[in-house]
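Order-wise, the sequence lines are chains C and A.
Just so we're aligned, residue 1 is where the first sequence starts under the working numbering, counting upward by one.
Just so we're aligned, residue 1 is where the second sequence starts under the working numbering, counting upward by one.
Check the hints yourself; a few may be wrong.
Given that identical chains are not distinguished, each listed pair holds provided it fits within a single copy or across any two copies.
As the list claims (entries may be wrong) - Straight-line C-alpha distance at most 20 angstroms; calculated SDA-like pairs for lysine to any residue:
1) K84 - T103
2) K112 - S46
3) K112 - V38
4) K84 - G94
5) K84 - R121
6) K84 - R143
No lab work stands behind these hints: they were computed from the structure.
There are 2 protein chains.
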Amino acid sequence: MYFEDFAPGQVIDLGTRTVSEEEIIAFASQFDPQPFHVDQQAAADSMFGGLVASGWHTCSMMMRMVVDGLMAASSSMGSPGVDKVRWLLPVRAGDTLAVSYETTAVKASASKPDRGVVWSRWSALNQRGELVCTIEGMGMFGRRPQESGHA
Amino acid sequence: MYFEDFAPGQVIDLGTRTVSEEEIIAFASQFDPQPFHVDQQAAADSMFGGLVASGWHTCSMMMRMVVDGLMAASSSMGSPGVDKVRWLLPVRAGDTLAVSYETTAVKASASKPDRGVVWSRWSALNQRGELVCTIEGMGMFGRRPQESGHA
Numbered sequence: 001m002y003f004e005d006f007a008p009g010q011v012i013d014l015g016t017r018t019v020s021e022e023e024i025i026a027f028a029s030q031f032d033p034q035p036f037h038v039d040q041q042a043a044a045d046s047m048f049g050g051l052v053a054s055g056w057h058t059c060s061m062m063m064r065m066v067v068d069g070l071m072a073a074s075s076s077m078g079s080p081g082v083d084k085v086r087w088l089l090p091v092r093a094g095d096t097l098a099v100s101y102e103t104t105a106v107k108a109s110a111s112k113p114d115r116g117v118v119w120s121r122w123s124a125l126n127q128r129g130e131l132v133c134t135i136e137g138m139g140m141f142g143r144r145p146q147e148s149g150h151a
Numbered sequence: 001m002y003f004e005d006f007a008p009g010q011v012i013d014l015g016t017r018t019v020s021e022e023e024i025i026a027f028a029s030q031f032d033p034q035p036f037h038v039d040q041q042a043a044a045d046s047m048f049g050g051l052v053a054s055g056w057h058t059c060s061m062m063m064r065m066v067v068d069g070l071m072a073a074s075s076s077m078g079s080p081g082v083d084k085v086r087w088l089l090p091v092r093a094g095d096t097l098a099v100s101y102e103t104t105a106v107k108a109s110a111s112k113p114d115r116g117v118v119w120s121r122w123s124a125l126n127q128r129g130e131l132v133c134t135i136e137g138m139g140m141f142g143r144r145p146q147e148s149g150h151a
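For reference, chain C alone in the conformation it holds in the complex (with noise of 0.2 angstroms):
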């Protein structure tokens, strides 16, 4: 996908993915060591009531989902940031996340003819339908190489 295949309004789905407890506690091991993230007993003993998964650990998810998807084949040149990460429910282990890419803006770049941002809204799914994380994505996209068609 070059920037010009990017529209406003289109949603690509990235299919789904299920979580174990073991991927929960090896992301959270190394990056988000909190109780209820690594400890099966004390994430019973607390607000979430067992074990959920970091929030980073289900944007990165969400981000690998993404790439297959669609950045995989496309003329992606990176992203400067995302805005807006807001983790709506707990994400627990045996949750599977159903992952869907939205298209809100397109701009092409004034100062660099090559490229242009595209703007998106990530949402995870589980299975009982209920949003869990939604994310803002900005990217940067090469735009389609033209036919030189002038003489």
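Based on the hints, put chain A in the right spot on chain C.
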């Protein structure tokens, strides 16, 4: 730290962390397998001129430092999300990140007297003093238990 221990303008130094090539590739292989994050040769040929960490990896490393330096010894009750994640400069193998947490605002909950919200700005500087990543965080913290001062 309880909610009452946070005040706007306060800056907490979370120390430093050096990131290795192995860590960059291991994280990105799982969560962000774009060529410039996982393949040295492809990265050398990319706009980055060498391997760079996934932005989500940088955020996750910062989260670990926030947990170790602050959350672990706090009344943290989780976070509804983060805003304005900005990947300002590449993070490369061998870089040492110095991370800090600045409290930007605090607000006691009107509806739940046992807690309050703390807004923060997380910053990562590399070994050259260049700002490489910023995150605007939101966290819920329990209030300090009251002495029962009345009869």
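Those earlier numbered hints the structure runs against, lowest number first: 3, 4 and 6
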